[in-house]
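Student: Protein chains in written order, with the working numbering: chain P, 1 to 291; chain B, 292 to 622; chain U, 623 to 1037.
Because the hints were derived from the structure by calculation, they are not lab data. Nothing here was measured: the structure is a model prediction, and the numbers come from that model. Be a bit skeptical, because a hint or two may be false.
Claimed, not checked - In the DSS-like style, the derived pairs of lysine-lysine whose C-alpha atoms are separated by at most 30 Å in a straight line are: (1) U:K966 with B:K454; (2) U:K923 with U:K975; (3) B:K454 with U:K975; (4) B:K454 with U:K853; (5) U:K879 with U:K800; (6) U:K819 with U:K796.
As the list claims (entries may be wrong) - Output of the computed footprint for chain U on chain P, the stretches with three or more beta carbons under 8 Å from beta carbons of chain U: (7) 33–39; (8) 113–121; (9) 135–146; (10) 170–176; (11) 233–241; (12) 246–258.
All C-beta atoms in this analysis are idealised placements derived from N, C-alpha and C, irrespective of residue type, glycine included.
What follows is the residue order along each chain.
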Amino acid sequence: MDLELILMQLFSGLALGAILVMVALGLTIIFGMLGIVNFAHGALFMVGAYAGLWIASLTGSFWWALLVAPIAVGAFGMLVERVLIRPLYKRTPDDPLLLTFGLGYVLVEAVRITFGTDGIPFSAPDALQGVVDLGVGYFPLYRLFVLGVVAVILLLLWIALEKTRFGLIVRAGARDPLIMRVLGVDVSRLWLLVFGLGVGLTALGGVLAAPMRNVSPEMGTLVLAEAFVVTVIGGMGSLLGAVVAGLLVGVAVSMTALFAPEMATIVMFALMALILLVRPQGLFGRPGVGA
Amino acid sequence: MSSTSHAAPVPLGAPQAVGAPGVLSRWRVPLSIAVLCILPWVLPSQALAVNVLIYGLFAVGYNLLFGYTGLLSFGHAAFFGGGAYLTGMAIVHLGLGWFPAMLVGVAGSSVLAAVIGALSIRTRGIYFCMVTLALSQLVYYTALQASNWTGGENGLRGFTLAKADVLGLTVNLLDPTQKYYFLMVFAALALWFVSRVLNSPFGAAIEAVRENETRARACGYDVERTKLLSFILSGALCGVAGTLSAIHLSIVPLDALHYHTSSIVVMMTMLGGAGSFFGPFVGALVFLLIEDVASLWTSHWQLIVGIVFILFVLFLPKGIWGTLIAWRSRS
Amino acid sequence: MKDIKTSLTQGVSRRTVLAGMGVGVGLLAAPAVVRAQSESVRIGFPTPLTGPFGAEAKDQVRSAELAVKLINDKGGIGGRKVELLVRDDKLNAGEAATRTLELIEKDKVHAVVGALSSAVQLAVNEVTRARNMIYVSISQSDTINEVKDFSRYTFHEALNPHMTTAAVAKATFKKGSKIAFLVADYAYGHEMLRGFKRAAAAMGAEVVGEILHPFGAPDYSTLMPRIRSMKPDILAICNFGRDQANAIKQANDFGLKKQMQIVVPVILHNQRIAVAPDVFEGVIGGANYYWELESTVPSAKSFNDAYRQMYSGAIPTDYGAYGYTGVTALLLAMQKAGGTDTDKVIAALEDLKYDVAKGPQYFRKCDHQAVQSVLVLRSKAKADMKGADDLFEIVANDPGSEDMLRSCTELGFPT
Chain P
1 MDLELILMQL FSGLALGAIL VMVALGLTII FGMLGIVNFA HGALFMVGAY AGLWIASLTG
61 SFWWALLVAP IAVGAFGMLV ERVLIRPLYK RTPDDPLLLT FGLGYVLVEA VRITFGTDGI
121 PFSAPDALQG VVDLGVGYFP LYRLFVLGVV AVILLLLWIA LEKTRFGLIV RAGARDPLIM
181 RVLGVDVSRL WLLVFGLGVG LTALGGVLAA PMRNVSPEMG TLVLAEAFVV TVIGGMGSLL
241 GAVVAGLLVG VAVSMTALFA PEMATIVMFA LMALILLVRP QGLFGRPGVG A
Chain B
292 MSSTSHAAPV PLGAPQAVGA PGVLSRWRVP LSIAVLCILP WVLPSQALAV NVLIYGLFAV
352 GYNLLFGYTG LLSFGHAAFF GGGAYLTGMA IVHLGLGWFP AMLVGVAGSS VLAAVIGALS
412 IRTRGIYFCM VTLALSQLVY YTALQASNWT GGENGLRGFT LAKADVLGLT VNLLDPTQKY
472 YFLMVFAALA LWFVSRVLNS PFGAAIEAVR ENETRARACG YDVERTKLLS FILSGALCGV
532 AGTLSAIHLS IVPLDALHYH TSSIVVMMTM LGGAGSFFGP FVGALVFLLI EDVASLWTSH
592 WQLIVGIVFI LFVLFLPKGI WGTLIAWRSR S
Chain U
623 MKDIKTSLTQ GVSRRTVLAG MGVGVGLLAA PAVVRAQSES VRIGFPTPLT GPFGAEAKDQ
683 VRSAELAVKL INDKGGIGGR KVELLVRDDK LNAGEAATRT LELIEKDKVH AVVGALSSAV
743 QLAVNEVTRA RNMIYVSISQ SDTINEVKDF SRYTFHEALN PHMTTAAVAK ATFKKGSKIA
803 FLVADYAYGH EMLRGFKRAA AAMGAEVVGE ILHPFGAPDY STLMPRIRSM KPDILAICNF
863 GRDQANAIKQ ANDFGLKKQM QIVVPVILHN QRIAVAPDVF EGVIGGANYY WELESTVPSA
923 KSFNDAYRQM YSGAIPTDYG AYGYTGVTAL LLAMQKAGGT DTDKVIAALE DLKYDVAKGP
983 QYFRKCDHQA VQSVLVLRSK AKADMKGADD LFEIVANDPG SEDMLRSCTE LGFPT
């Protein structure tokens, strides 16, 4: 096995990792701030892809889809938070989990009714088609573009959470909602925004993934599993954790692909189980959150 | 946030639902069995009745952990599927008779539950949910890979039981009615066992753990041991259900181990009423009936199931049976 | 064998008792049951209406209903009307087994046709063969031909991976060509791999590598560099449905198609429509049916015309056509047998020679595999498509022959 192949493998692992980070972001943000495990995450990812597809077919432009679909689905997420999830805050965290689980069922079926059970073609825009020679091998231009988008999103998120007043409130709200309420902060509005943001990011992931994976009502099922793995390994609610874990899982899958690619899925779940047993809060999670 | 809400949880199933006084509670096992006896005659088909029996028992076993002990597991497919696979494999590969094979299935799923339980009860809340999910998916992928033993994606086949000899009597398992009552005997025994467990001091212990872990520990309960034991009992009961499903279907589909199967039992238990004795059976009945009837006229039956489930989480978190009991004891 | 015989007689006597009771106590029992008792011939038809193959399943149902209608128009089975009882198996083997039990025990069907996945068909087969019920499978598999899963009640109307891979290999492999394999790691994937490798060995093609991937994987990007480094002339992708679509799409993204010919054992009409034409362009795969066959095969023409007439101009698709050929074969045999007597229908099926949609077909004696023609199709470029349904060009149409099948001895049948 030559060095070029190993380098190329490493790179595709990192690129896959970036996609996994994108896939997991919405889940981890919602959990980190609201303490809710969003089981509809995969379904919302899929809804994002379909929304993108629909907008692209209306406007004829991938770029409009990339911009509008996450906002539209994010707004839908806020509606879900206000109508369905808000009544459950005073109950155990199990209840929102069960509710979003049911919501996932409904969304998948609603999409099947609207768009049919078969997949629908969706291609990358012409400007992003083709392959790039990286020196050690060829790589699709579109996947490089996704890498770039993920980097930008992470940067923006980091600035928003660490450098702005909004971020300060969000972080404080995640740590102790009661104190925030005492201090006169409208926590419920905060949670609404955070939920919308999480869902919007999930939908963005869906739009970005659509040209790489085929768009079908079931495309979210595996995404949910992938997002769980990344979120748990990184530490639920930790942005840095999601990034590190995403890249780690990507590289692990990629390296397995050199020797026993059929074990890739098992490797993901085994990593997750191992982390949960050795360090339940994950690599970067705060201890004490549920563990 | 979740740590605070765990210190003072509002339980899903109302505590009073458990010890609902009166006739219903005292006669719950005979009453349940009476209901099971007439089931095949009131449902559209015997195959559906057997499914209600099997999934009802599965949900009862699951409820021991979720409803009574307060632990939300998303990995119970491992015990249901494990019981089914081990029973089938004992017949196919070891050539055992139906009864020893059932014992293998139940014992095996108990061991599996002991392992997964020991690993997962150290975590709490959402994390518990995730660990059980991850470990059961590992079981799933292991079964998928070990296709020489399990038949892999094609499922396990080749152990059709045409008849079973019980105490000198021959039960014709190809006859749906005979098969139903044959399987019902085991379900009835399992129900009786669950009832005994709930009435025992151990039953009080698991509910104490559910209500308030810290207080239970302060009262001198060994919380970890209680949880583990509850986990194993729950797994063993789900194993019995799996065993019955193997005998019923004469195949073990790989889906039996899939996370989807775990989620179905969660839904059934919620619908019927977590933390109530007969609730899970009601849940299984309603779920399967919706599925059976709705899927005859629309391929989008999951939409109905999903909406019903959401409405229950929002407005009837005690489920059908739990709400009935709560309503009855109030009036 | 003896056990089955005794249970059969028991079953019959129980059945009459149950039928009587059923009328009395059927609470939610559909009125169809009672009506069905009279004299119709009932065919159970489990198919995955829910799930990723919903479109194929719907095509199967439409084709099967057409088959039933055509027979009924000609007087049914000795004057008895034929009724198709469609059930959703949800692509889940356990659900399929339950529904099949229901069809046999409650609906009292006379035979079962259907299924779309390997696991589901094997589950249905397990239930039907234990109850001496004829089952015509219309889903691909090599396993069902083997002696372990076979029974005299089992008929396999669909092609199997061995046949399609052999045909595709014959049309694309050459002596000395380098072949790489991308294989889904489950029984069906391995069956396809075995078929291709055997064909490659027979033709003197060289296998340069095989890569397994987990069943149901969404991302193949980490496998692409390795495939490229193997420098094959042909990449044979041995998976099905969504896995196939994703693998081809990503191979395309990585520019592999410019360097190698991609071939697949089975190319699906609906899957091709669900994915853009440029993704599939040039991909070669096997099929049991393609509507374009009508220009050369008269029976295909009449099948298409009847289908178009019944479904306002729509054309039948590959897996859909199985529903037609499978149900028609069974009903023709029932006509010959003069009723639904199981032994007579089996004998009639074994002797049947039929040409209803794709040229001559018959069931081989030992394993009841339908000997039939195999198509090899190449997916067209968008520019070459003359209409929305003009998806493929027919590269080869190998006439049916037992030489395409594994020998009865190899399958484990006594000779």
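Student: Are the hints correct? Go through all of them and say.
Tutor: Against the structure, the hints:
no., hint, verdict
1, U:K966 with B:K454, "holds (27 Å)"
2, U:K923 with U:K975, "holds (19 Å)"
3, B:K454 with U:K975, "violated (38 Å)"
4, B:K454 with U:K853, "violated (57 Å)"
5, U:K879 with U:K800, "holds (15 Å)"
6, U:K819 with U:K796, "holds (13 Å)"
7, 33–39, "violated (count 0)"
8, 113–121, "holds (count 6)"
9, 135–146, "holds (count 6)"
10, 170–176, "violated (count 0)"
11, 233–241, "violated (count 0)"
12, 246–258, "holds (count 4)"
The structure fails to meet hints 3, 4, 7, 10, 11 from the earlier list, while all remaining hints are met.
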